[in-house]
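*Asks:* Chain by chain, the residues:
There are 2 protein chains.
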Amino acid sequence: MHETSLFEGTRDYNPKQMAIREKVFNIIISCFKRHGAETIDTPVFELKETLTGKYGEDSKLIYDLKDQGGELLSLRYDLTVPFARYLAMNKITNIKRYHIAKVYRRDNPAMTRGRYREFYQCDFDIAGQYDAMIPDAECLKIVYEILNELDLGDFHIKVNDRRILDGMFAVCGVPGEKFRTICSTVDKLDKMAWEDVKKEMVNEKGLSEDVADRIGEYVSMQGGQDLAERLLQDPKLSQNKQACAGLTDMKLLFSYLELFQVTDKVVFDLSLARGLDYYTGVIYEAILSQTIPAPAEQNGADEAGVSVGSVAGGGRYDGLVGMFDPKGRKVPCVGVSIGIERIFSIMEQKAETSSEKVRTTETQVLVASAQKNLLEERLKLTSELWNAGIKVEVLYKKNPKLLSQLQHCEETGIPLVAILGEQELKDGVVKLRNVASREEVDVPRADLVDEIKKRTL
Amino acid sequence: MHETSLFEGTRDYNPKQMAIREKVFNIIISCFKRHGAETIDTPVFELKETLTGKYGEDSKLIYDLKDQGGELLSLRYDLTVPFARYLAMNKITNIKRYHIAKVYRRDNPAMTRGRYREFYQCDFDIAGQYDAMIPDAECLKIVYEILNELDLGDFHIKVNDRRILDGMFAVCGVPGEKFRTICSTVDKLDKMAWEDVKKEMVNEKGLSEDVADRIGEYVSMQGGQDLAERLLQDPKLSQNKQACAGLTDMKLLFSYLELFQVTDKVVFDLSLARGLDYYTGVIYEAILSQTIPAPAEQNGADEAGVSVGSVAGGGRYDGLVGMFDPKGRKVPCVGVSIGIERIFSIMEQKAETSSEKVRTTETQVLVASAQKNLLEERLKLTSELWNAGIKVEVLYKKNPKLLSQLQHCEETGIPLVAILGEQELKDGVVKLRNVASREEVDVPRADLVDEIKKRTL
Numbered sequence: 001m002h003e004t005s006l007f008e009g010t011r012d013y014n015p016k017q018m019a020i021r022e023k024v025f026n027i028i029i030s031c032f033k034r035h036g037a038e039t040i041d042t043p044v045f046e047l048k049e050t051l052t053g054k055y056g057e058d059s060k061l062i063y064d065l066k067d068q069g070g071e072l073l074s075l076r077y078d079l080t081v082p083f084a085r086y087l088a089m090n091k092i093t094n095i096k097r098y099h100i101a102k103v104y105r106r107d108n109p110a111m112t113r114g115r116y117r118e119f120y121q122c123d124f125d126i127a128g129q130y131d132a133m134i135p136d137a138e139c140l141k142i143v144y145e146i147l148n149e150l151d152l153g154d155f156h157i158k159v160n161d162r163r164i165l166d167g168m169f170a171v172c173g174v175p176g177e178k179f180r181t182i183c184s185t186v187d188k189l190d191k192m193a194w195e196d197v198k199k200e201m202v203n204e205k206g207l208s209e210d211v212a213d214r215i216g217e218y219v220s221m222q223g224g225q226d227l228a229e230r231l232l233q234d235p236k237l238s239q240n241k242q243a244c245a246g247l248t249d250m251k252l253l254f255s256y257l258e259l260f261q262v263t264d265k266v267v268f269d270l271s272l273a274r275g276l277d278y279y280t281g282v283i284y285e286a287i288l289s290q291t292i293p294a295p296a297e298q299n300g301a302d303e304a305g306v307s308v309g310s311v312a313g314g315g316r317y318d319g320l321v322g323m324f325d326p327k328g329r330k331v332p333c334v335g336v337s338i339g340i341e342r343i344f345s346i347m348e349q350k351a352e353t354s355s356e357k358v359r360t361t362e363t364q365v366l367v368a369s370a371q372k373n374l375l376e377e378r379l380k381l382t383s384e385l386w387n388a389g390i391k392v393e394v395l396y397k398k399n400p401k402l403l404s405q406l407q408h409c410e411e412t413g414i415p416l417v418a419i420l421g422e423q424e425l426k427d428g429v430v431k432l433r434n435v436a437s438r439e440e441v442d443v444p445r446a447d448l449v450d451e452i453k454k455r456t457l
Numbered sequence: 001m002h003e004t005s006l007f008e009g010t011r012d013y014n015p016k017q018m019a020i021r022e023k024v025f026n027i028i029i030s031c032f033k034r035h036g037a038e039t040i041d042t043p044v045f046e047l048k049e050t051l052t053g054k055y056g057e058d059s060k061l062i063y064d065l066k067d068q069g070g071e072l073l074s075l076r077y078d079l080t081v082p083f084a085r086y087l088a089m090n091k092i093t094n095i096k097r098y099h100i101a102k103v104y105r106r107d108n109p110a111m112t113r114g115r116y117r118e119f120y121q122c123d124f125d126i127a128g129q130y131d132a133m134i135p136d137a138e139c140l141k142i143v144y145e146i147l148n149e150l151d152l153g154d155f156h157i158k159v160n161d162r163r164i165l166d167g168m169f170a171v172c173g174v175p176g177e178k179f180r181t182i183c184s185t186v187d188k189l190d191k192m193a194w195e196d197v198k199k200e201m202v203n204e205k206g207l208s209e210d211v212a213d214r215i216g217e218y219v220s221m222q223g224g225q226d227l228a229e230r231l232l233q234d235p236k237l238s239q240n241k242q243a244c245a246g247l248t249d250m251k252l253l254f255s256y257l258e259l260f261q262v263t264d265k266v267v268f269d270l271s272l273a274r275g276l277d278y279y280t281g282v283i284y285e286a287i288l289s290q291t292i293p294a295p296a297e298q299n300g301a302d303e304a305g306v307s308v309g310s311v312a313g314g315g316r317y318d319g320l321v322g323m324f325d326p327k328g329r330k331v332p333c334v335g336v337s338i339g340i341e342r343i344f345s346i347m348e349q350k351a352e353t354s355s356e357k358v359r360t361t362e363t364q365v366l367v368a369s370a371q372k373n374l375l376e377e378r379l380k381l382t383s384e385l386w387n388a389g390i391k392v393e394v395l396y397k398k399n400p401k402l403l404s405q406l407q408h409c410e411e412t413g414i415p416l417v418a419i420l421g422e423q424e425l426k427d428g429v430v431k432l433r434n435v436a437s438r439e440e441v442d443v444p445r446a447d448l449v450d451e452i453k454k455r456t457l
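From first to last, the protein sequence lines stand for chains A and B. The opening residue of the first sequence carries number 1 in full-length UniProt numbering; numbering runs sequentially from there. The opening residue of the second sequence carries number 1 in full-length UniProt numbering; numbering runs sequentially from there.
Don't read these hints as lab results, they were simulated from the structure. Fair warning: there could be bad hints in the mix.
For identical chains, the list gives no copy identity; a pair is met inside one copy or between any two copies.
[As the list claims (entries may be wrong)] DSSO-like, lysine-lysine: derived pairs with alpha carbons at most 30 Å apart:
no., residue 1, residue 2
1, Lys-198, Lys-265
2, Lys-23, Lys-391
3, Lys-401, Lys-391
4, Lys-372, Lys-330
5, Lys-102, Lys-23
6, Lys-33, Lys-397
If we strip away everything but chain A, and leave its shape as in the complex, we get:
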């Protein structure tokens, strides 16, 4: 006899949650397939050394396996590092792949807010040496399509470029060794007011007031292609090589986004920084406009540092694969991670407030009887229908009451009942009942399969 419980920060998915999860995955996977993506899978644990040195401070959140007399193993922390390891190990230089799988973080769980220690990631990445900004634009098109189809309300996608950020820091007078730490501070602008961000820059990170103020001017800028053009004329930024490269690519990106008809939702936003170290070029993040009260905080599904309402994020990381190649050969990559756990939470809340009941099975018909001693006839008909590809249930009772059979249909949403009785057997028919309308019709046994298909299209 055990006390039964789960480890805090993990959870079971019940059938209703699984039905919602399946619906969301279907929409997302269809989109990935529409864009010609393949899929791969990697083990849930990697050699510890594979993960070492990839996550900076977050490395402390990695789950290690017990040393039971073999090698040191860790549970995967995200899908990007295993992807880079896979490419390097198999010497793959071109691939467009998606990967949907669970990852693990020893974080403080906040389960009411959708933050778990075990959660799904849902990644799409394009690896390969291509002409600038074409794959990057496709990633944004994919985010746009998925958020549209999931019907989560209005959203916008912020884009920026690490090179623009670095160039901006340089021309504002931030010392090179402080680029990263200032970048993390800028990343807090989605949750903190500029005044507080500035305070952190000055008091904690040691910038002078006027350097911070110069940064403050830039990071308040938002726009589209026009803003990229304007900044290319900026007397200071235009002198910085990195910034110019980033701004030129940003212009190009917007021209492709125009062709993809997604510029209505995309904003060039100089305050977007994103937490992860490995980004080298364009970065982006999709944010839902409507505020959904719970989960009110960042969920674990996304990278560190994403804002309230963020449901997707990603960017270009051209250096990561090279870290796994013995000769350091680089494979340029750009990708996006869909914040699938956040999306599950929203869809679950929508389902709860909706009048439409979530079905957890796809059963089309229940084979039933009002009379006793017809179990064998019920099983025979059930088998006939299974063999014809119909989704059928039958109660596992010798003599169930008709009422309990009908109740089972109402509870689980089965739309039809095929009722057998002595008279129907004699006449070679089956009484087909519509559960919702209670309408009944006698169907010749030979036509039953077609009739069920017709009525459950």
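Place chain B on chain A using the hints.
*Replies:* Frame of chain A, contents of chain B only:
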């Protein structure tokens, strides 16, 4: 710079393997849904105490997580114990569910033979207090349907009952405390000759020669409903209450299997024992008739002790859920586990010897051009087709050669190319090329979506 490798006994799935895996899962999941099953998911790690005491000697194969200052955690060893824990924890007394997920065993990997430390299990179970043998018969029907649809060649399904085995041991004179260990020895009959099994019983397990010989007579028996009837008349067995209960249920089971039209593949076989302790009633195992050279040994995907060629197994376990309930309340369960890793291996081998190439994407059309400076037109058309739900790729190059665009189609199996040129743009048409036949036709742009759909049904 790291050496990149994987932990022995784990593997990546490449896109081709994933395509095969998806095909197999689709067949299996469709069958489960046809039978009205819901699905659930549980965490990859459970509290260590949840797994303790459930697997007998195999407990040493459980992976533990490192104690990083929280509770003691273990990776799941199968899906049955988490299922029982889930039922008890949520006080669920009725459910028909499937669960497809990875499990972990610290076994000696034999990867060439398909035995891994991380592998999928694919379980279908029916929990609830129902009339005898109806859910049990459905489990066998499901195995029959899945093996038929997977088209793995001829197969048969052995059935037996733990109560018949126990009754048989009793009437043969095996002391009660040796039932289990003798059961494991009987279980080896699928890999060892009777002479060797007998030797083990006598020399290692301490049975007398004539007790072993009496067992030997019974375990050589195979048949159907007739055998169950005959054994119910057996002067010794008919005196044993357990055996009678098992044989009566076996008769009933066969009558249902008759209605389900699956008796051509089902054999009542008194030598079937199965390794796991928790079975309490009917047990079964499906075996492929044709011998596939590699993987020649039992894979990890199934329970311990399955035979060469075994691709599914299961049985009734009425006591497991009660082990998790504080009051010991029982929930009767019967289920089946599909040996999915073995099936993947077979399907991969079939794919390798087949002339038909496995596609790893579903792309219907590549948008291409033979002329320079048409990137924007290509992207625009690509976007139009994505928006219409067509699966489209476009090369990420400003000016790719037509040859490399056609080669990409041939390598990845894309059936159609939509070719744009100055003339086509002027005429408002797209040249649609069939990659295999090389036939080309000009399609008005407005008809393109329908034409692609028609040609890629």
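*Asks:* Let me make sure I understand: some of the numbered hints might not hold for this structure. Which ones are they, in numerical order?
*Replies:* Going through the list in order, the structure violates no hint and respects every one.
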